[in-house]
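Residue numbers (my numbering): 1 to 426.
In short, the hints are calculated from the structure, not lab data. Even glycine gets a Cβ: it sits at the ideal position worked out from N, Cα and C. A few of these clues could be false.
[Said to hold, decoys possible] Across the chosen pairs, the derived CB separations fall in these ranges:
hint	residue 1	residue 2	range
1	T211	K96	46 to 54 Å
2	G194	P346	45 to 53 Å
3	K96	D275	29 to 37 Å
4	E347	D163	35 to 43 Å
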Amino acid sequence: MSHIIRYVVVGWLVCVGMNALVDCAYSQAAGKLKAENDLEIHEWGVFTAPRNSYWLKQDMLAEWSSFPDFFHGVWPKTKLAYYGPVTKPVIYFHTKSKLNLQLQIDFTTGRPLIWWPPAEFPNTGGFGQRKSLTKTRMNIDPDKSLLFNLQINQGMPNKQQVDAKHWLNHLRKVNSAPLSAHGGFSNFGRGRHGEHFVYYDGVMKCPKAPTVERIDGGIRLKSDSDHDWLDVVVIERTGDEIRIASSVIKKIAAGKHETKIKLIKSTGVKDLANDLRQRMIDVGLHKDEAQSLLDVWGPGLLERGGLTVFYRIAQKTYDKWLPLATEPAAKKTVRVGWVVHFRLEPELDARVKQLVAQLGSRKYKVRADADKQLREIGGPAFPAIIEAAKKADAEVRLRCEKILAVKKLEQKLRTLMKQRANGNSR
């Protein structure tokens, strides 16, 4: 459990008054809705866990800098360049009813950091314990949980606009119930904000990444996990060559395992993408929801350089990591999560050292290409960059420091998470 998982998720709703009278009236209405509503909650999430991260994969901080300005959160304040694929998770709501719904998600080992639309209690520190507006009167710690008050099928206020090519538009293509958040906090103050989903992101611990050994015709994958791996996929890109596992592995059980995987050359990944879409549909997602994951996450799953291993987690594992509760209760909840381990090739450190050396080349193109490749590798390259930079000249060290600029933010996050673990507010 020394590694961390990057995750993303989305979704939930509710509308409740802030005084006892409204709270009581809401509770009575919720009791009826709980028995009669047709609500289904569908969530997909992607968790990325590279081999050498601490609490957070370092390049994730840069990725967060690419979020729309209207996303609310407490990290990061510094904008950084981002060169990798975007990683997002999301929950959709399906119902024909008009509902006021409260949804709470708890972080069992981490904390929420970014979300949209506005949450009721922003975890910006200093708020201490807040009580939820549910009948159970559970305590809400804004540094451990998120609480959203949303209205479903009750009109759509003007949505915040983004560029036509922004990844957010893929999430908005899903045929789901429109929702609006009210009474929460956002960068635009308290008000109603419309959307097609709820998004939240944060950090949490996760199992360490597997190790890989080369064998004739493929690899030996060594794993050690406290949960089952389902629908395991292996794909490797080296230059223009693509190699994939000869078949999707249905299951690698929890515990220590060594799994031999044959890799075969492929001319593309279209068939694999279709297979993954169908597998998500088979476990409960709608076709357009599964497609939204592939539209947003395709580069991270299928087009990333190096050796990538990813697998689906069972819903019980998802629920353990991120407990979800709604009032009224949903008729059905589907949660589909994928864990992604990337840049697992055993030769990575040697390749990074070679690229660091090329940063000192007299040829501009060689320096620029090396810089670009190191940034694309991201967090998994950082330990080798740090080690190689120690032996390099001053000019190369300076270029390495620019690539590693995000490490300063990571150190701040470590401090933040240490305070969270000690029960201190920021």
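Hint check:
no. : hint                    : verdict
1   : T211 / K96: 46 to 54 Å  : holds (49 Å)
2   : G194 / P346: 45 to 53 Å : holds (49 Å)
3   : K96 / D275: 29 to 37 Å  : holds (32 Å)
4   : E347 / D163: 35 to 43 Å : holds (38 Å)
When held up to the earlier numbered hints, the structure conflicts with none and fits them all.
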